[in-house]
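Asks: Sequence:
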Amino acid sequence: SDPRFCERSAAVSAAGGWRRARNEDRVTSVKQTWFEFKEADVE
Numbered sequence: 007s008d009p010r011f012c013e014r015s016a017a018v019s020a021a022g023g024w025r026r027a028r029n030e031d032r033v034t035s036v037k038q039t040w041f042e043f044k045e046a047d048v049e
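All the letters of the sequence shown, read from the start, carry residue numbers 7 to 49 under the working numbering.
It is possible that some hints are incorrect.
Said to hold, decoys possible - If you anchor each label on the Cβ, the simulated ranges turn out as follows:
| # | residue 1 | residue 2 | range |
| --- | --- | --- | --- |
| 1 | Lys37 | Glu13 | 32 to 42 Å |
| 2 | Arg14 | Ser35 | 44 to 54 Å |
| 3 | Asp8 | Asp47 | 34 to 44 Å |
| 4 | Val48 | Arg26 | 57 to 67 Å |
| 5 | Asp47 | Arg14 | 26 to 36 Å |
| 6 | Asp47 | Gly22 | 49 to 59 Å |
| 7 | Arg14 | Trp40 | 50 to 60 Å |
| 8 | Cys12 | Val48 | 34 to 44 Å |
| 9 | Pro9 | Val33 | 29 to 39 Å |
| 10 | Arg25 | Ala46 | 51 to 61 Å |
| 11 | Phe43 | Gly22 | 26 to 36 Å |
| 12 | Glu13 | Val48 | 35 to 45 Å |
| 13 | Ala27 | Asp47 | 43 to 53 Å |
| 14 | Glu13 | Val33 | 49 to 59 Å |
What the hints contain is simulated information worked out from the structure, not anything from laboratory work. We treat Cβ as the ideally placed atom computed from N, Cα and C, and that holds for glycine.
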């Protein structure tokens, strides 16, 4: 097997994991903001 191909696929999977983590972070922050908004709205 070509070592360059292995390196590239590893880099691609790492980038995919990073992007997925970023998306989850954004969803979490949106939920957090929405939760705080509802809490503030109750008072």
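Asks: Hint by hint, note whether the structure agrees.
Replies: Hints and how they fare:
no., hint, in the structure
1, Lys37 - Glu13: 32 to 42 Å, "37 Å, holds"
2, Arg14 - Ser35: 44 to 54 Å, "32 Å, violated"
3, Asp8 - Asp47: 34 to 44 Å, "58 Å, violated"
4, Val48 - Arg26: 57 to 67 Å, "33 Å, violated"
5, Asp47 - Arg14: 26 to 36 Å, "49 Å, violated"
6, Asp47 - Gly22: 49 to 59 Å, "37 Å, violated"
7, Arg14 - Trp40: 50 to 60 Å, "39 Å, violated"
8, Cys12 - Val48: 34 to 44 Å, "54 Å, violated"
9, Pro9 - Val33: 29 to 39 Å, "36 Å, holds"
10, Arg25 - Ala46: 51 to 61 Å, "32 Å, violated"
11, Phe43 - Gly22: 26 to 36 Å, "32 Å, holds"
12, Glu13 - Val48: 35 to 45 Å, "53 Å, violated"
13, Ala27 - Asp47: 43 to 53 Å, "30 Å, violated"
14, Glu13 - Val33: 49 to 59 Å, "31 Å, violated"
The structure shown violates the earlier hints numbered 2, 3, 4, 5, 6, 7, 8, 10, 12, 13 and 14.
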